[in-house]
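Chains A and B, in that order, are what the protein sequence lines are. Take the position in the first sequence, starting the count at 1, then add 50; the result is the number in our numbering. Take the position in the second sequence, starting the count at 1, then add 135; the result is the number in our numbering.
It is worth saying that the hints were derived from the structure and are not from the lab. We treat Cβ as the ideally placed atom computed from N, Cα and C, and that holds for glycine. Check before you lean on any hint, since a few could be wrong.
[Claimed, not checked] Some but not every residue of chain A turned toward chain B, in silico, with C-beta under 10 Å:
hint, residue
1, A124
2, A138
3, A139
4, E141
5, R147
6, L151
7, P200
8, R203
9, K210
10, R269
11, A342
12, D345
13, W348
14, A353
15, Y356
16, H360
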Amino acid sequence: MTEPLDTSALQERFDGLIAADERIEPRDWMPEAYRKTLVRQIAQHAHSEIIGMQPEGNWITRAPSLRRKAILLAKVQDEAGHGLYLYAAAETLGVDRADLLDALHNGRQKYSSIFNYPTLTWADIGAVGWLVDGAAIINQIPLQRCSYGPYARAMVRICKEESFHQRQGFELLNDLAHGTPEQHAMAQDALDRWWWPSLMMFGPPDAESSHSAQSMAWRIKRHSNDELRQRFVDISVPQAEALGLTIPDPDLRWNEERGHYDFGVIDWTEFQEILAGNGPCNRQRVAARVQAHEDGEWVRQAALAYAAKHSDSERDVAA
Amino acid sequence: MSSGLPLWEVFIRGRRGLSHQHVGSVHASDAEMALRNARDLYTRRGEGVSIWVVPAASVSASSPDEKEPFFDPAADKVYRHPTFYRVPEGVKNL
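Please model the entire structure based on the sequences and the hints provided.
Take a look at the structure:
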């Protein structure tokens, strides 16, 4: 056996890997703050995926056709899968999924505030796919090159699957927007309610974002919140035009000089209120998650008991 | 390990002709459940033709933070590569 390196040499090696744009892998030495930041971010990301199943699952039984129902089922199943990829990535950092779920259930860890809004109409399912998944894609594409290998690899899988999510939402909304006047109005109403919360998904403005600078230095993050938000607006405006819907922002206009769309001021007090737990569905979302977890407890116990009973044959690991 | 289900590492053969590759992990009470969970999680779009699951606790791994790199013995043996050798001008198929 050889002696472990001292901390400064380990730090130097870590900094060198980051500088060379190499990936950090699970058993590498890493600064404790880097590990903590990743656990917090990956767990929050995982929690968002599984809480995000609720607003859409809400419409599975009432989907207007078998085609739409099959699509929505597959999409919600994907969200569960995304959550699991991410929990698996978090566990490579030495945490346990059960502890992360506890932290979600007792409010110590958060999930994306967007999922605290209700899905009031069928058009909301379209708006969620088009805007919420659209914003998620823009956030997630650069994460495929995140410095932490397992997180980056999970994002590659997720991004592949998200493009179906966004397209099905756009198609759904496009059908409504070009349907009867009532359907068009329903689509417009969904856009009116989901537009601003979608812009908030990119997080606070750069000047007020507490974790951004360090995350950029560690190459966990590659673009600033405002940069990604601008990209989302620029992409979405022509898509809304194709839908024949109006983005609910009187200040939205093309800025020739900047080569980008200018847009209105975001109401961050609403964002802060939801973060503080006072959004329309915060309590309902966490309660439903806790309920599902508790309802599943007997299944997990039964599976463990079954495994223990049969472990005498070839396995001895299910302890 | 907490009171939850044990962790299994998942390896998938993407298609015939390729070796199994590590794709991630699942929790399951036994191997059969781990295989089913791995199928549901990692092959929803036909990404695999064969799955291995291995109890995570059974994997032994080299440690990256030892002072003498574990892979050092390979670093000073350049003669293991064909580019090490001089070949006279004009000699072909070597």
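- Query: Under the criterion of a CB-CB separation shorter than 10 Å, is A/A139 in contact with chain B as hinted?
  - Reply: holds (8 Å)
- Message: Just to be careful: measuring from the Cβ of A/K210 to every Cβ in chain B, is the smallest value less than 10 Å?
- Response: Holds - the Cβ of A/K210 comes within 10 Å of chain B, reaching about 8 Å at its closest.
- Message: Can you verify the interface hint for A/A342: is its Cβ closer than 10 Å to any Cβ in chain B?
- Response: With a closest approach of 15 Å, the A/A342 hint is violated.
- Restraint satisfaction for A/R147 [CB to CB of chain B, less than 10 Å]: Where the cut-off is 10 Å and the nearest Cβ of chain B is about 6 Å from A/R147, the hint holds.
- Task: May I ask you to test the interface hint for A/A124 with respect to chain B, counting a Cβ-Cβ separation under 10 Å as satisfied?
- Result: holds (8 Å)
- With a cut-off of 10 Å on the beta carbons, see whether A/P200 makes it to chain B. Constraint on A/P200 satisfied, holds at 8 Å.
- Interface hint for A/R203, Cβ within 10 Å of any Cβ on chain B: holds (8 Å)
- Status of the hint placing A/Y356 at chain B (closest C-beta pair under 10 Å): Hint on A/Y356: holds, closest Cβ of chain B at ~7 Å, below 10 Å.
- Closer than 10 Å between Cβ atoms is the bar; does A/L151 clear it against chain B? Give me holds or violated. holds (9 Å)
- Have a go at the A/W348 hint: is there a Cβ in chain B nearer than 10 Å to its own Cβ? Hint violated; A/W348 Cβ to chain B Cβ min 13 Å, cut 10 Å.
- Minimum beta-carbon distance criterion (10 Å), A/A138 to chain B: holds (4 Å)
- Task: May I ask you to test the interface hint for A/H360 with respect to chain B, counting a Cβ-Cβ separation under 10 Å as satisfied?
- Result: With a closest approach of 7 Å, the A/H360 hint holds.
Hints 10, 11, 12 and 13 from the earlier list are contradicted by this structure; the remaining hints agree with it.
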